[in-house]
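Add chain B to chain A, keeping to what the hints say.
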Amino acid sequence: MECDGKPGKPKLAVYWGGSCGGCEIALVNLGERLLALDERLDFFFCPCLLDRKNKDVEELDDGAIALTLFNGAARTTENLEMARLLRRKSRLFVAYGACASSGGIPALANLDTPGSLSRTVFLESPTVENPSRHVPGSSSPYCTPALSLPKLTGSILPLSAIANVDYLIPGCPPEPETVWSAIAILTGADLPPKGSVVGAGTVPVCDECSRIRGEKRLRRFVRFHEAVPRDGECLLDQGIVCMGGATRSGCGALCPGANVPCSGCYGPPEGVADQGAAMVGALGSVLDPGELAALPEGEMAARTDALFEGIPDGAGTFYRYSLAGSLLRRRRP
Amino acid sequence: MSETAAFEPRVVGFLCTWCSYAGADKAGAAQLPSPDNFLPIRVMCSGRVEPEFIIRAYTEGADGVLVLACHPGDCHYKEGNSRALQRNRLLRKLLDSFGIEPERCRLDYVSAGEPEKFTRVVSETVEAVRRLGPLRLSREGGLNDGSNDA
Numbered sequence: 001m002e003c004d005g006k007p008g009k010p011k012l013a014v015y016w017g018g019s020c021g022g023c024e025i026a027l028v029n030l031g032e033r034l035l036a037l038d039e040r041l042d043f044f045f046c047p048c049l050l051d052r053k054n055k056d057v058e059e060l061d062d063g064a065i066a067l068t069l070f071n072g073a074a075r076t077t078e079n080l081e082m083a084r085l086l087r088r089k090s091r092l093f094v095a096y097g098a099c100a101s102s103g104g105i106p107a108l109a110n111l112d113t114p115g116s117l118s119r120t121v122f123l124e125s126p127t128v129e130n131p132s133r134h135v136p137g138s139s140s141p142y143c144t145p146a147l148s149l150p151k152l153t154g155s156i157l158p159l160s161a162i163a164n165v166d167y168l169i170p171g172c173p174p175e176p177e178t179v180w181s182a183i184a185i186l187t188g189a190d191l192p193p194k195g196s197v198v199g200a201g202t203v204p205v206c207d208e209c210s211r212i213r214g215e216k217r218l219r220r221f222v223r224f225h226e227a228v229p230r231d232g233e234c235l236l237d238q239g240i241v242c243m244g245g246a247t248r249s250g251c252g253a254l255c256p257g258a259n260v261p262c263s264g265c266y267g268p269p270e271g272v273a274d275q276g277a278a279m280v281g282a283l284g285s286v287l288d289p290g291e292l293a294a295l296p297e298g299e300m301a302a303r304t305d306a307l308f309e310g311i312p313d314g315a316g317t318f319y320r321y322s323l324a325g326s327l328l329r330r331r332r333p
Numbered sequence: 001m002s003e004t005a006a007f008e009p010r011v012v013g014f015l016c017t018w019c020s021y022a023g024a025d026k027a028g029a030a031q032l033p034s035p036d037n038f039l040p041i042r043v044m045c046s047g048r049v050e051p052e053f054i055i056r057a058y059t060e061g062a063d064g065v066l067v068l069a070c071h072p073g074d075c076h077y078k079e080g081n082s083r084a085l086q087r088n089r090l091l092r093k094l095l096d097s098f099g100i101e102p103e104r105c106r107l108d109y110v111s112a113g114e115p116e117k118f119t120r121v122v123s124e125t126v127e128a129v130r131r132l133g134p135l136r137l138s139r140e141g142g143l144n145d146g147s148n149d150a
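If you're matching them up, the sequences are chains A and B in order. Quick note on this note's numbering: the first sequence kicks off at 1 and runs consecutively. Quick note on this note's numbering: the second sequence kicks off at 1 and runs consecutively.
Bound conformation, chain A alone:
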């Protein structure tokens, strides 16, 4: 990688927005390869690991950072500001992980009205004890001069809707192999077309899953806690909602390999714009049509609805990591 003629190694920044820290853990999960990475790149800015301040970034020339991996969602105005700052200072600006790529878990709040987020978290959740009914706001009347905090964004947008994103690394969190292969591509000479997903596969997770698929003629869906999955047999064939068919490969089908259905964290496969729509298409094709054949026309819809009762939260299941990146993106205002 070029370093603009300046001495030293090219600079790497790893920044977090509204994030759980899992993407940093995923980086550390590289293990000893982290040392090899440190040989090639200078860990310049990473609030999770290093004590360097925002002003150190502000003082850099534009484009001085070789590669920024931005993880987490843009939940606050501070996240928006840092995304734009790091974009300006970086030659390659990469959405790292599901939240930055397509909203991730924080974007599920897009299914509610913006105002209800703080109410749910600070007042209404059954485990919350808040007798003074304090809800954090963006300014404090108790300080002079007044103290101001970043505001919440009304809904989560994908990072690419906030700043120009060069590449995306999927996953919640990205698997070490994904991270390593993405970094190899991004620090190599031949860069893929802008906007590409790097480090992962292009086909659905099913293609790398070792479970055997049969002809699907389901008569009911079961929730995960209601079934003991049989070894070696496709989970969806057993009525367990597995997102593998609507999810990008690259993880090695780890979850189905451990008897757990795929929850879709690598986002939709190449060529699919909407993971939830793809899942509706898939699940609408695995029920046994024989279930309906004998029924009068008027009763078919009700019978189908009854079969789908085994999926109580379709939107939360099918868009668990990709809501902000989906076609509808959020609940109607």
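Mixed in with the good hints there might be a few duds.
[Unchecked claim] In silico DSS-like links for lysine-lysine, alpha-carbon gap of 25 Å or less: (1) B/Lys78 to B/Lys117; (2) A/Lys151 to A/Lys53; (3) A/Lys53 to A/Lys9; (4) B/Lys78 to A/Lys216; (5) B/Lys93 to A/Lys216; (6) A/Lys9 to A/Lys55.
[Said to hold, decoys possible] Derived DEER-like restraints, expressed as beta-carbon distance ranges: (7) B/Thr17 to A/Arg220: 32 to 38 Å; (8) B/Glu60 to A/Thr77: 27 to 33 Å; (9) A/Glu78 to B/Gly99: 27 to 33 Å.
Don't read these hints as lab results, they were simulated from the structure. Keep in mind the model is a prediction, meaning the values are calculated, not measured. Ideal Cβ placement from N, Cα and C applies to all residues, glycine included.
Then chain B, alone, in the frame of chain A:
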């Protein structure tokens, strides 16, 4: 004039070529009146209509979508219309989470010999969507000052 009175809904239709499109053709030949808010698209089978097509119709300005299929048992490809029904029921449930009313996503059956049913179903759908008003999706983010929430 109020906004609702001025609102002319746009309803995109996906019509199976073997039954429903033939039924629509017959309605045209018989000069049966049908609303011009309806934008028909001919497909080989209602089972070919991916849920993504329907969501794209909404994001590109449709206020409602109507999928017309062969009657159960009459599918040219045996089970395409059953798949279409199953997808429709699940999609309606999904759209509800996005605040999109199920009436904006209708599936019905029209055979090649039912031009009257075709015009009736189209008119009903257009009127149902007119009552609901414009779809008005927003993909913008905006700000939410937490202090004003509670």
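Here is how each hint holds up against the structure:
1. B/Lys78 to B/Lys117: 22 Å, holds
2. A/Lys151 to A/Lys53: 21 Å, holds
3. A/Lys53 to A/Lys9: 20 Å, holds
4. B/Lys78 to A/Lys216: The hint holds at about 16 Å.
5. B/Lys93 to A/Lys216: The hint holds at about 22 Å.
6. A/Lys9 to A/Lys55: 21 Å, holds
7. B/Thr17 to A/Arg220: 32 to 38 Å: About 33 Å separates the Cβ atoms of B/Thr17 and A/Arg220, which means 32 to 38 Å holds.
8. B/Glu60 to A/Thr77: 27 to 33 Å: Cβ of B/Glu60 to Cβ of A/Thr77: about 31 Å, so the range 27 to 33 Å holds.
9. A/Glu78 to B/Gly99: 27 to 33 Å: Taking Cβ atoms as reference, A/Glu78 and B/Gly99 lie about 29 Å apart, which means the hint holds.
In this structure, none of the earlier numbered hints is contradicted; all agree with it.
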